[in-house]
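**Q** Here are the chains, one letter per residue:
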Amino acid sequence: MLSFTLKRLLSGVILLFAVATGTFFLAHAAIPDPTLGLLGSAATPEAQAALAQKIGTDRPVLVQYGEWILRLLQGDFGESWRNFQPVSAQIATKLPVTLSVVTVAILLSAVLGGVLGVLAGLRPNTWIDRLVKAGAVILFALPGFWVALVLVMLFAVQLKWFPAVGYTPPAQSVGGWIQSITLPAIALALGAIVMIAEQLRNAIIQADRQDYVRTLRSRGLPPWRIVAHLLRNAAPASLTVLALMFVGLLSGAIVVEQIFALPGIGALTQGSSQNGDIPMLLGITVITVVFVVIVNFLLDILLGWINPKARVQ
Amino acid sequence: MMKHTLTGLAAVAAAALALTACSAGGSAGGGDAPEGNVPLNIGNFLDVTSWDPALADIGFDGPYLSAVYDPLVVVDGDGVPQPALATAWEVSDDFTTITMDLRTDAVFSNGEAFDAAAAVQSLDYLKAGVRSQEAYQKVESFEAVDEDTIAIHLTERDDTILYFMGLGRSYMMAPAAIADGSLATAPVGSGPYTLGDATVPGAEYHFDKVADHWDAAAFPFDPLVVSPLSDPTAMLNGMEGGQFNVIYGDQTAIDMAADSGWNVSSGLAAWVGLQFTDRAGATEMGTPLGDVRVRQALNHAFNGPEMLQAIGQDNGAATNQVFPADTTGNLPELNDLFAPDIETAKQMLADAGYPDGFAVKMPMAPPFQPYQASVEQVFDELGITVTWDEYQFMDYMANAPTYPMFVGVISMDGNAVATVERQIAKPQWYNPTTGLDSFPEIQAQTDKVFAADPGDAQTQEIETLNEMITNEAWFDVWYQSNNSYVSTAEFTVTPVIGMMFPTLRHINLAG
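Protein sequences appear in the order of chains A and B. First residue of the first sequence? That's 820 in the working numbering, and the numbers climb one at a time after it. First residue of the second sequence? That's 12 in the working numbering, and the numbers climb one at a time after it.
Isolated chain A (complex conformation):
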């Protein structure tokens, strides 16, 4: 298990380095002169030259890369070119917003998707099964931003149960926090719920046909213990989907954050991209990759724990 864990960690570090390097050069190629975006109409030749000197873009890209990667290895993401504040500090204020919405969405997806999936899988071709399948088709067909807008129009603008926009940190008000992330989390989770349910349903139906289940039934095991066995065999595929969804929801959060005006990583990414704030974009990319690596690492560990064969593979 130790070797398995070390291999996974090493591959994560290599992936992080590769993505960080690729993103650095892609960003500099895509934004050849960031001073224009950073200065706007104040972008006179004099101001551009002064800013280029301040942010160091008047030097060769390779030199800039060398400095950036050395600082990164020391855990220093550098300063934003927009406001000259540490990138890490700004990401640290935005990340909890995105993570809270995504985490609640993932929990909703796992619990509701799991329950619906098990019920549909145990009773195929019944009304609950048809409901899950129909829900999957409909919710997949609907664009996420449209669902989010409908939620806002109905529950915020019309009924006024939730705020239409804005974010309240839990440290300020737990009730306010719950109110501010409920609609965004639901908007993010709806698609994921039916996807998890559909995945789990199929896996359970498949596992239910196995000989060992028939054997368990013939031994007279109570239904809940049979379900536990079924879940242990059906869960890996669903957990993989859930992990992939975490990554997908991180990017999906950009749209939801925009619609609900949440001050998360999505809004920061959009603003930094629009202004050409490359250090901020790189910092966000690195942090995102770190989360992707951590989630995949935890998934591998979990799958290895559930199914020892996975460790051997």
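Heads up, a few of these hints could be off.
[Unchecked claim] Taking beta-carbon pairs under 7 angstroms as the criterion, some of the chain B residues facing chain A (in silico):
id: 1; residue: T60
id: 2; residue: S61
id: 3; residue: L66
id: 4; residue: Y136
id: 5; residue: A139
id: 6; residue: A195
id: 7; residue: V211
id: 8; residue: L240
id: 9; residue: D242
id: 10; residue: A245
id: 11; residue: G249
id: 12; residue: E251
id: 13; residue: G252
id: 14; residue: V303
id: 15; residue: I353
id: 16; residue: P438
Think of the hints as simulated: they come from the structure by calculation, not from any bench. Heads up, the beta-carbon is just placed ideally off N, CA and C, and yes, glycines get one too.
Keeping the supplied structure of chain A fixed, place chain B upon it in accordance with the hints.
**A** Below, chain B alone, put in the same frame as chain A:
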């Protein structure tokens, strides 16, 4: 200055094309404030760039910075500099020294008193600032003459310095805060509010009212919250949900205003059209545009008023000039100089030696796609073959000026001399080579503008210059577009050309 132009360009995409002050106790936005305070929740388009005025942008930072800082000078709705911390000023006969009288009753939120020494320290800091330096290009030094008087010594005459200072480049900062470099995260000004503890960066900025502020009557807002929302739909949802009183309005919000009992204030912000970068025809690809008849033909070919209606949704002004409509320099009689007439355009192209048109490459980016079809249609009728080079928005600014012409949404100024500087005389990102050296008569007239005595004489020279560049088809302006602000019935907003969003001094109680 529209956040400058960049944000102006962004506003095109995001907001469907989609902001006086006064001496003590005054209010430039219009309307007398009733007694008592009212809550004000503003939905701004962008997050505050920086709480450090030297690093802040003018565009959307207005409501944030004007809450915590007092400026020396502010501009009113007409772009005219008005007193704030500087109560009066005098320009020397040789136009190279500006002497300002300062208030003596302003106090910074850390307890330091505002005086001439503090003003000089702030101005030195702003002059060195990467972004704020734009206002102080011609400053030699700032001098504290006595406790309540400063002198600004210029290297040469600068008719725009007070205007740029008034747009948001003269916020005064506490000396101790400048010294310890903490302004970017902990603003310390003498403004009517302080940044409140309930602030959630990026989501909601709460401000605490300073009860004994020297101009407290001009700021009857309490509580005051400013929220950044880059999505127009989110802003409108917040307005409908009762979370906001004042928002940056897109066309949908404007359309809904009447039914909702909201007020709409609109002000010109940018001109829309073709920016010519090769008026001398110096490049092979730009050769046709070096012929004035070709540029004039293009002016005749596009129907600006129709484009304003169809694309701009009638939210702007139909004029063919870069000086904002109804302001100094703009001459209504020139608007018909190139009346829309495709046949005349064809004839002029033929006269210039291009009866079958010509081939041209132009840049394109998503925010400008609403205009692409019109350009293609008109060019097709003229026989002009256009090849589009697609760019991402960020690359557009860097690359567009390398083409002989490009579709532009260029920010405008409320000050005619500033317009001459930015649109004609000084290199800008959208006009890196002014081309004046190829047009000695226009160069000479530009020099006359900068040499003329301020007032009627200078206005006359500016109008003459505008006439010359319009005749020379220096630009192909289709129309000028508005920025709009939607407010609940209790508030009115005074738009300011050159600001994407007004400062608190431009938001007033209605009635």
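**Q** Honestly, which of those hints from before does the structure not fit?
**A** 4, 5, 14 and 15
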